[in-house]
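There are 2 protein chains.
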Amino acid sequence: MNICIIGLGLIGGSFALALRKYALTDRLYGVDASPRNAAKALELGLVDELIEWDRVAEAADIIVLATPVDVIPQLAIKLLNRIDDSRIVFDMGSTKEELCEIISQHPRRHRFVAAHPMWGTEHSGPEAAVEDAFVGCNTVLCDVEQSDADAVSAVERIFTTIGMKIMYMSPAQHDTHAAYVSHISHITSFILATTVLEKERESATILNLAGGGFESTVRLAKSSPDMWIPILMQNKYNVLDVLREYIHQLEIFRKALERDNRAEIRQTIERANEIRKVLDKK
Amino acid sequence: MNICIIGLGLIGGSFALALRKYALTDRLYGVDASPRNAAKALELGLVDELIEWDRVAEAADIIVLATPVDVIPQLAIKLLNRIDDSRIVFDMGSTKEELCEIISQHPRRHRFVAAHPMWGTEHSGPEAAVEDAFVGCNTVLCDVEQSDADAVSAVERIFTTIGMKIMYMSPAQHDTHAAYVSHISHITSFILATTVLEKERESATILNLAGGGFESTVRLAKSSPDMWIPILMQNKYNVLDVLREYIHQLEIFRKALERDNRAEIRQTIERANEIRKVLDKK
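Read top to bottom, the protein sequences are chains V and R. Heads up, the first sequence is in numbering that gives the first Met the number 0, so the first residue is 0 and it goes up one at a time. Heads up, the second sequence is in numbering that gives the first Met the number 0, so the first residue is 0 and it goes up one at a time.
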């Protein structure tokens with residue numbers, strides 16, 4: 000079985016390493032819109048061969064979309080236009096509603112599986128690919144009833160073989176949850192970084208004084224705009240809901256601090272501490 | 000030389016382990032207001048002996064205050080009231096202005112060294128003490144010109160021996176910087192946790208979907224209210240300044256997202272990405 004990965008950055012590159020490790024593919028093809036990234040991916044041995052976009056639909060049995068989410072819907076349609084019913088296309092994008100709506104009426108929709116393996120780091124590009132990514136994380140599959148059973152099984156087998164668990168959701172549920180547990184964290188980090196960089200103009204001071212706590216909180220601020228702008232735009236309404244709620248809660252905290260309301264501050268911190276129950280289970 | 004640590008939690012306990020590792024003390028005494036924590040610290044071997052508060056000023060050559068910051072100023076005054084000029088008192092608190100003001104006119108002020116070793120984790124209590132804490136981090140010393148040279152040297156020697164670098168600042172400078180590089184991170188994490196917990200009432204969903212990014216950003220939300228309420232209250236005006244600026248920047252980002260202003264969002268994320276230059280130097 001031959002697989003082709005479109006998009007050879009952090010996600011596509013790490014997925015390539017996993018496919019090879021578990022011998023899930025005979026020949027691994029790759030495509031990347033950036034000639035530099037494509038060449039780098041080949042040099043790093045992430046893929047066996049770079050191929051032209053026009054050859055993908057015939058060369059690969061399974062085609063994986065691992066590009067930024069703004070181009071996934073159009074690429075999905077173009078691939079569904081070209082493949083025959085023996086092939087499977089799936090994606091690895093962080094948003095699902097826009098994609099699932101756009102492909103919904105395509106006559107070959109049943110050969111597509113909408114997937115989001117929930118893993119990532121703040122780094123980007125083929126050099127950021129890591130071995131044993133994805134292990135222990137969840138893959139969300141959306142609208143599986145619109146995909147052929149054999150296509151869903153094949154995709155599930157790939158994700159479970161590389162160490163992931165499978166969850167099922169509607170695209171709307173997925174995008175709401177993703178806004179809360181992933182997308183908002185990136186905004187809080189981006190803005191924390193800009194706030195601190197704005198004030199602490201001497202980066203040496205930040206460097207010397209910042210402990211592990213700051214570093215952890217601001218880590219995601221290193222994330223790529225090319226990946227994150229499309230995600231935030233596509234999940235705009237959910238992200239705005241969470242962002243408004245977050246700002247509202249910050250305002251309440253600010254007022255409590257202004258008024259020396261220790262009881263309210265304590266209540267908030269103790270409620271926040273409950274996140275321990277969630278994280279410590281992992 | 001005998002040392003006594005007042006406050007045997009995360010900071011005092013980790014410091015005890017470091018003092019022992021580098022053989023910086025003959026006998027290590029401990030005091031904790033909580034009988035449970037005191038007993039636990041002894042059981043864990045963090046200190047050699049628990050002593051009564053009234054015996055501290057005579058038993059120890061060096062006395063270390065590692066309690067929550069709200070009680071450090073009073074304890075500092077009480078110790079300075081009782082010690083003779085052969086002894087040294089220093090603190091490890093996260094705020095410095097309030098402390099330095101309160102002790103400033105004490106006739107034995109010169110035997111006190113105001114210190115902030117910039118290290119911590121989100122855990123608390125004697126069980127949270129870790130070996131090799133502090134290594135590679137900075138200790139800020141404030142108002143050293145008000146301390147005797149021998150006292151400053153002794154404290155510097157302890158911190159450098161356990162692997163720390165020394166920086167010098169005024170208490171006001173310290174508290175401003177600490178608000179930016181440490182205190183605000185805790186607020187952004189506390190509020191991120193409460194926002195997500197409020198919405199995602201089924202913690203299983205958070206558990207299943209949250210990746211390493213969320214975990215990193217929200218890690219500090221596990222931090223103890225007993226430690227953090229006093230810090231936020233004592234550094235209230237600096238913290239409020241940063242918090243207002245942070246909320247302001249979030250509002251700007253929210254409006255850019257509402258208006259699909261990709262160029263502005265890109266500019267913000269690219270500015271945030273510059274934190275990479277700071278963190279990657281560490």
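Keep in mind that the hints are not guaranteed to be accurate.
What the hints assert, rightly or not - Result set (BS3-like, lysine-lysine): computed pairs, CA atoms no more than 25 Å apart in a straight line:
(1) R:Lys276 <-> V:Lys198
(2) R:Lys280 <-> R:Lys254
(3) R:Lys164 <-> V:Lys198
(4) R:Lys254 <-> V:Lys235
(5) R:Lys280 <-> V:Lys198
(6) R:Lys235 <-> R:Lys20
(7) R:Lys198 <-> V:Lys235
(8) V:Lys39 <-> R:Lys198
(9) R:Lys39 <-> V:Lys198
(10) V:Lys39 <-> V:Lys20
(11) V:Lys20 <-> V:Lys198
(12) V:Lys198 <-> R:Lys254
(13) R:Lys276 <-> R:Lys164
(14) V:Lys254 <-> R:Lys20
As the list claims (entries may be wrong) - Derived coverage of chain V by chain R (criterion: at least 3 residues anywhere in the stretch with Cβ under 8 Å from a Cβ of chain R; other residues may be distant):
(15) 21-30
(16) 39-46
(17) 246-259
(18) 266-272
None of these hints come from the bench; they were simulated from the model. For every residue, glycine included, the Cβ atom is placed at its ideal position computed from N, Cα and C.
Structure-based check of each hint:
Note on Lys276 of chain R and Lys198 of chain V: the hinted pairing holds, with a Cα-Cα distance of about 16 Å set against a maximum of 25 Å. The suggested pairing of Lys280 of chain R with Lys254 of chain R is violated, with an alpha-carbon distance near 33 Å, which exceeds 25 Å. Restraint check for Lys164 of chain R and Lys198 of chain V: satisfied, since their Cα atoms lie roughly 24 Å apart, inside the 25 Å limit. Taking the CA atoms of Lys254 of chain R and Lys235 of chain V, the gap is near 11 Å; set against the 25 Å cutoff, the hint holds.
Taking the CA atoms of Lys280 of chain R and Lys198 of chain V, the gap is about 19 Å. The hint holds against a cut of 25 Å. Straight-line distance between C-alpha atoms of Lys235 of chain R and Lys20 of chain R comes to about 36 Å, which puts the hinted pair past the 25 Å bound. Using a Cα cut-off of 25 Å, the hinted pair Lys198 of chain R and Lys235 of chain V holds, with the two alpha carbons roughly 17 Å apart. Between Lys39 of chain V and Lys198 of chain R the CA atoms are separated by roughly 42 Å; this puts the pair beyond 25 Å, and the hint is violated.
For the given pair, Lys39 of chain R sits about 42 Å from Lys198 of chain V by alpha-carbon distance, which is inconsistent with the 25 Å threshold. For the hint linking Lys39 of chain V to Lys20 of chain V, the alpha-carbon distance of about 19 Å falls within 25 Å, and the restraint holds. Restraint check: the Cα-Cα separation between Lys20 of chain V and Lys198 of chain V comes to about 46 Å, which exceeds 25 Å; the hinted pair is violated. Of the supplied pair hints, the one linking Lys198 of chain V and Lys254 of chain R holds, its CA atoms being roughly 22 Å apart against a limit of 25 Å.
For the suggested pair Lys276 of chain R and Lys164 of chain R, the alpha carbons sit about 21 Å apart, so the restraint of at most 25 Å is met. Using a Cα cut-off of 25 Å, the hinted pair Lys254 of chain V and Lys20 of chain R is violated, with the two alpha carbons roughly 45 Å apart. Residues of the region 21-30 of chain V lying with their CB closer than 8 Å to a CB of chain R number 0, which falls below the three-residue condition for coverage. Coverage of the region 39-46 of chain V by chain R is violated in this model, with 0 residues showing a Cβ closer than 8 Å to a Cβ of that chain against a need of three.
Only residues whose beta carbon comes within less than 8 Å of a beta carbon in chain R count, and the region 246-259 of chain V has 9; three or more means the coverage holds. Look at the region 266-272 of chain V against chain R: 6 of its residues bring a Cβ nearer than 8 Å to a Cβ of that chain, three or more, so the hint holds.
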